[in-house]
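For reference, the chains in residue letters:
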Amino acid sequence: MSDIEESVLGRRTIQTALSILAAAALIIIFVWSFSFMRNEEAPKALIAVVALVVGIGGIWALFITVDNLVSQMPVRVRDFLRPYVFITPAFLVLLVYIIYPTIRTIYVSFFDYTRGSGAPVNFGLQNYLVILSDPKLLVAFRNNLLWLILVPAFAVSFGLVIAVLVDRIKWESFAKSLIFMPMAISFVGASVIWRFVYYRSLWGSQIGLLNAIVVGLGGDPVGWLRIEPWNNIFLIIIMIWLQTGFAMVILSSAVKGVPASLLEAARIDGAGEVRIFFQVIIPYVASTILTVTTTIVILVLKVFDVVFVMTSGQFNTDVVANMMYNQMFKAGQYGRGAALAVILFIAVIPIMVRNIRSMNQA
Amino acid sequence: MFKKILLVLLAGLVLFALASCGGEEEAESSAAAESAEPAVDYSDNPYTDGEDLSGTTVNIFGAFVDNDAARFEDSMVPFEEATGIDVVYEGSGDFETLITVRAEGGDPPDVAAFPQPGLAADLVRGGYVYDVAEWLGMDYLSQQYNDAWTDLAEIEGIQAGVWYRASIKSLVWYNKPVFEEEGYGIPETWDEMLALSDQMVADGYTPWAIGIESSGATGWVATDWLEDIMLRIHPPEVYDAWVAGEVKFDSPEFREALDYLAEIWFNEDYVLGGREGIVLTPFGDAVTPIAVDPPAALMHRQANFIMGFMPEGGAEVGPTLGFFYLPPIDSAMGRPVLGAGDLLGPMQDRPEVRAVMRYLATGLSTKAWLEQGGFVSPHNDTPLDWYPTDVDRGIAEILAAATTFRFDASDLMPGAVGAGTFWTGMTDYVNDENANLDRILQSIDSSYP
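Residue numbers (the working numbering), protein chains in the order written: chain A, 1 to 362; chain P, 1 to 449.
No lab work stands behind these hints, which were simulated from the structure alone. Heads up, a few of these hints could be off.
Stated by the list, open to error - In silico BS3-like pairs for lysine-lysine, Cα to Cα no more than 30 Å straight-line:
| no. | chain 1 | residue 1 | chain 2 | residue 2 |
| --- | --- | --- | --- | --- |
| 1 | A | Lys-136 | A | Lys-256 |
| 2 | A | Lys-256 | A | Lys-170 |
| 3 | P | Lys-248 | A | Lys-136 |
| 4 | A | Lys-176 | A | Lys-136 |
| 5 | P | Lys-248 | A | Lys-330 |
| 6 | A | Lys-302 | A | Lys-176 |
I would like the entire structure built from these sequences, with the hints used as guidance.
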């Protein structure tokens, strides 16, 4: 009896020791591979192989070993520790790539810090004062607000209407894929396409789509991108074009979930199609509409690419993210750029909080 | 199933990694083959002080890409053959951002090719750039370069590098056939140029094609014009004081320059497309109207690099397009030339890096590129007969005949101004007829960091 107990205990000790050894070996491999991958002399192919093997296999091995190690512990400790084993690596990655940069950005925004200056100096509010006294920031705020209201409103409305309409036609999937297609294009790619749509030739025939139509109808070519304040709307249209497909696909599946019996009952009760749309379909898919809207709102708050490619913020089309880029990378004013990032960050917080709350409720 | 997919994915990734590295391995093996050739005496050359540094490598990081990168590499071949040092060039369109990241991240290249001295100045202040005068001696640099160039390379008391490529901005390109047909002469003064413009309008032509759009850099064409005008109405000292921020933007000196600009730019008869054409036309497309047949405009002021933007299958520089020196306004100011250049600054100190810097200070280091055309060398020892065409030679002669040479002011000003408010302010001024000029000028002045 005691022999068996002893042997079980012995096996356990050996297993624990093995797990600890394996974990230590893994750590050594990680450290070694890190310095190896930084070595410029090593052949590139070997570095790639090491990165793949250690990166993918290593994480698997780490999870299995540590999980094994935890399994050796007494039941209570085991249950307590196991979740942390799985969450710690993800949390560490978040810490390094999101939380640390956020804190660092907030820190830098209170200092004079420019390209080549070495380290941040002179604590104070100077960056915020300079930025908030810039009349262009007000314009950028106005533009951000325009984006924030118009893009979700139109993208979701169009998406919903299209989702309901195509639900009843034969070539539904074809129509849907046409509208979904812009989603596959990057923001920069889409902007380049729309630059041609709005293009105004200096001489000769108008190669821009809109101006070709205008001239074809006997008008004079128009410089679309400099008509204020409509140029903002012309940029916003690009984002609506890009996002309608996304809204449509999500809403389409929600619309398909509306029970046919409910629709039939409404019809029998004498409701017209318009009334059914507003009083049956919309209430039924309301939660999906909310989700799609917040997703697009968060995307629009960060809008940068479209403005950067189309106008670079000229002609009063600037947005906060583009101003931040200009301060950071064109002017080399890291402090001011960080201050703008903080302002943008503060603006995003309420929406993020709302989103996380509704996610937790769901 | 899952394991199979994982395996296939892994195999694919490994194959991809191998394939993408294949090129470099080949390069390595061919380099190995070269060094196996019969021994050459690598110590007998003007660059390495009699040392044999063969087998070492120098990395140069710059903003030349595509064709320019290949031509730069070609022009390094004479050095590589003489010394056995391998010069590896790496180019990136995001040079401005990456060089700062690399320097501050502790991974600077051996040599950086700065397209703007303002950027170099930022890094010099951070202590990332070595003094070439200390390595090569000021006497050698003065012998290789005009004083104007060595003065420009002096940043924070050190020679922050050697000049490699010069860009001459004070040029007006014109449509030759129309000039010949109508008997237009080349204007020798600003007033003659305005009279010629009036004559063209009277004859039913549009004199000027101007475009300042350049995405994130929109406005630089306007600042180039203003810099050229500043040099033509004020002595160089005023220009230098303006660059240094001592003469304000909101000053009579700068406002006078704006008046000269407005006289041409805001005359709807003079400029193709008017204000709208100016702000919406990409600078590279703005040369096309003078190069097509029949031309839509007759004159275009732009630096020599614009030759690379001429429409394909259209006009050629030489038979269809000519150029003349942007004429003086005040004869007392002589013949000033506005230009720019690429400054190659060392960021590591090793014997082979010093040798490369010595080579880059010679005209020979530009020969292969120069022979391809569209390139002007700032070196004193570059003979004019190396230039492949009369156009290139003519531009080089304009540089040689300059009484004053000044660097593009917006490149010398702090980034917040020179690559920021100066560009955007002038774009606002050109774009909006009702723009509040006082406020624009004051906001440029207040943006000095």
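Hints broken by the structure, by number, lowest first?
-> As far as the earlier hints go, 1, 4 are violated by this structure, in ascending order.
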